[in-house]
Amino acid sequence: MIEVKNGSVQIGKKPILSDIAFNAMPGAITAIIGPNGSGKTTLLKAISGDLPYGGSIRVHGREICDLKPWEMAAMRAVLPQSSSLSFPFTIREVVRLGLTAGRTGVSRSQTDDIVEEALARVDLQGFSARFYQELSGGEQQRVQLARVLCQVWHPVMDEMPRYLFLDEPISSLDIRHQLVILDIARDFAQRGGGVLAILHDLNLTAMYADNILVMHQGKVRDFGPPDAVLKNDLLQSVFECNLRVSAVPAGNNAFVLPQSVTAGKIHSSNV
Amino acid sequence: MLQTLSTASHLPANRNDTRGDRSVKARLTLVGLAGLLAVTSFLSLATGASDASLLAVIQSWIAPLTGGQIELSIRDSIIIHDIRLPRMVLGILVGASLAVCGATMQGLFRNPLADPGIVGVSSGAALGAVTMIVLGSSTLAPIAAFLGVFALPLTAFAGALITTLVLYRVSTQNGKTSVATMLLAGIALGALALALTGILIFMADDQQLRDLTFWNMGSLAGATWVKILAAAPIIIVVLLTVPFLAGGLNAMTLGEATARHIGIPVQGLKACSILVVAAATGASVAVSGGIGFVGIVVPHLLRLLIGPDHRYLLPASALLGASLLLVADAIARTIVAPAELPIGIITALVGAPFFLWILLSRRGFLDL
Chain A
1061 MIEVKNGSVQ
1071 IGKKPILSDI
1081 AFNAMPGAIT
1091 AIIGPNGSGK
1101 TTLLKAISGD
1111 LPYGGSIRVH
1121 GREICDLKPW
1131 EMAAMRAVLP
1141 QSSSLSFPFT
1151 IREVVRLGLT
1161 AGRTGVSRSQ
1171 TDDIVEEALA
1181 RVDLQGFSAR
1191 FYQELSGGEQ
1201 QRVQLARVLC
1211 QVWHPVMDEM
1221 PRYLFLDEPI
1231 SSLDIRHQLV
1241 ILDIARDFAQ
1251 RGGGVLAILH
1261 DLNLTAMYAD
1271 NILVMHQGKV
1281 RDFGPPDAVL
1291 KNDLLQSVFE
1301 CNLRVSAVPA
1311 GNNAFVLPQS
1321 VTAGKIHSSN
1331 V
Chain B
11 MLQTLSTASH
21 LPANRNDTRG
31 DRSVKARLTL
41 VGLAGLLAVT
51 SFLSLATGAS
61 DASLLAVIQS
71 WIAPLTGGQI
81 ELSIRDSIII
91 HDIRLPRMVL
101 GILVGASLAV
111 CGATMQGLFR
121 NPLADPGIVG
131 VSSGAALGAV
141 TMIVLGSSTL
151 APIAAFLGVF
161 ALPLTAFAGA
171 LITTLVLYRV
181 STQNGKTSVA
191 TMLLAGIALG
201 ALALALTGIL
211 IFMADDQQLR
221 DLTFWNMGSL
231 AGATWVKILA
241 AAPIIIVVLL
251 TVPFLAGGLN
261 AMTLGEATAR
271 HIGIPVQGLK
281 ACSILVVAAA
291 TGASVAVSGG
301 IGFVGIVVPH
311 LLRLLIGPDH
321 RYLLPASALL
331 GASLLLVADA
341 IARTIVAPAE
351 LPIGIITALV
361 GAPFFLWILL
371 SRRGFLDL
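Protein chains in written order, with the numbering used here: chain A, 1061 to 1331; chain B, 11 to 378.
Think of the hints as simulated: they come from the structure by calculation, not from any bench.
Treat each hint with caution, since some may be false.
[Stated by the list, open to error] Straight-line alpha carbon distances no greater than 25 Å define the calculated SDA-like cross-link-like pairs of lysine to any residue that follow:
1) K1128(A) <-> Q277(B)
2) K1128(A) <-> G278(B)
3) K35(B) <-> S1231(A)
4) K35(B) <-> D1173(A)
5) K35(B) <-> E1177(A)
6) K1074(A) <-> G278(B)
7) K1065(A) <-> D1282(A)
8) K35(B) <-> I355(B)
Using the sequences plus the hints, can you model the full thing?
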């Protein structure tokens, strides 16, 4: 379990986050939503161990500022918002990096198979010899997810649930791959791991999240299951726009809501 | 996207390999490079201004094993054993050191153009060495006498280390190193070291000036067993240490934050890399002066050939760097025989256009 109590982050003298308190449970997807600049990424960075913080942030009961990088790496993997690569590695080599350091629970002989399977999960079979810099932004994002998945290949290791931290994992993806990626997250949670994801798409958040943390101006505005959190008043005041939950828009505007990836190779390989 | 198209053109092609695993190719390349080093070492022993016959020497080595006895002329023996052999050994040590320092620094800075020569570490080492050359017989005479043959390498090491530590201090805040600040600070420190070196050169007498000019351009001439004794321990320790940094440097390719997320102790990796580079650069500069571009050319060529995996790139750089320097040295001492060119001129003549070519081919690719 990830427990945040009285969490705060300052950058310079400027407070970015204050009074943060919530728990992210294993076996569940915890979504973080909120407008731009509300502190979502800062919160995820603090929990990832990238920023000095005030208060308490514990993973499995251990304060994260006391953990060594390799101890943290065995507990959670982090998908950043965007990644650059300074040298021309092949896709296979990039994904392999997820398996190179620390305790991954994967033996050396399994490495090749797991790299291939991770690529298949993110719908990139046959890409392993391509160069990272050749791919489109969305494809690069999926390669990074495959790398992150390798790092926590077993959602539970030595009876310890592990976590996926995803910062806007679907922001640059088409609608099919948004569903593919969130299916992977759901599968990870169902197999006993925990997922903490920053999401912008409220429909997909409602479909996939077990708990939603609503951030606003550096504070937690609400925390709870989708039914309890996704209310007109709250969302209107947080996002400062007119919206209505579960209501067909007035007029004849078309609207498209994703349902699921068609039962095909991708969906079946995730389950 | 236009940018994507233009980047594809300079990426190495390995379409034959459908799995994107270059480790077999890398291992074969390592074997090939070891063979190449054997050949270039032989070449280095066999070429020179005099006609001393290497064959005769080898016969004189082998003969006792088969019970025979072949007398080598004293002149040939001296030329081979006391001039060419130490020169070859020094060439291997310095070439390996320069290339490995380049590859390590490029991995650390996530930039193929980073090199001790560029971030001012070499200039700092040179300042240390020049200080000892010019003031060693006057102001610093007691220290020079105390340190003996180690005076030059140790002052160069001190210069490199001080430069690197200042660089680190300036560019590190809250335990995080900014690569951009470090590169810019390196330019400033390099300029400062160069200016201070200039003052010392102004104070030097004629003989010192001759020493300095030759040394400044870089040369393996004057290689002696004593010099090797002074530099070899440092360089060998560094060459044995860098393989342990390879996994961390690979992860650094994804950025510092991601490397930490994967489990790399990034601050420790940085500190270790910096120390290692300063030590090897100091030792190399002390014994051979400023030999440029080896640290940029060698790792770049190898990345095109076997990819950027540091587990292979670092040892391959050591082997190819050593070979390249031996060849450059062989050219330097035969092209204008019986005189010889400073080797730094040869490496710069080849390396500087190469550097521009890297810039040209990466233009619009990464943010350099």
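**OP:** Would you check the hint for K35(B) and S1231(A), treating anything up to 25 Å between C-alpha atoms as holding?
**Re:** Given that 25 Å is the threshold and the Cα spacing comes to 37 Å, the pair is violated.
Subject >> Hint consistency between K1128(A) and G278(B) [alpha-carbon to alpha-carbon, up to 25 Å] >> reply: At roughly 12 Å apart (the allowed maximum being 25 Å), G278(B) and K1128(A) satisfy the hint.
Original post:
Does the structure keep K35(B) and I355(B) at a Cα separation of 25 Å or less?
Top reply: Distance of about 33 Å is beyond 25 Å: violated.
Original post:
Between K1065(A) and D1282(A), is the straight-line Cα distance small enough, at 25 Å or below?
Top reply: 15 Å, holds
**OP:** Compare the distance between the alpha carbons of K1128(A) and Q277(B) with 25 Å, and conclude whether the hinted pair is satisfied.
**Re:** Answer holds: K1128(A) to Q277(B) is near 12 Å, not above 25 Å.
Subject >> Proposed proximity, D1173(A) with K35(B) (alpha carbon, max 25 Å) >> reply: Satisfied, since the Cα-Cα distance of roughly 20 Å is no more than 25 Å.
**OP:** Could you grab the alpha-carbon distance between K1074(A) and G278(B) and see if it respects the 25 Å cut-off?
**Re:** Violated, at about 29 Å.
**OP:** Verify the proposed pairing of K35(B) with E1177(A), using a straight-line Cα cut of 25 Å.
**Re:** At roughly 24 Å apart (the allowed maximum being 25 Å), E1177(A) and K35(B) satisfy the hint.
Hints 3, 6, 8 from the list above are not met by this structure, while the remaining hints are.
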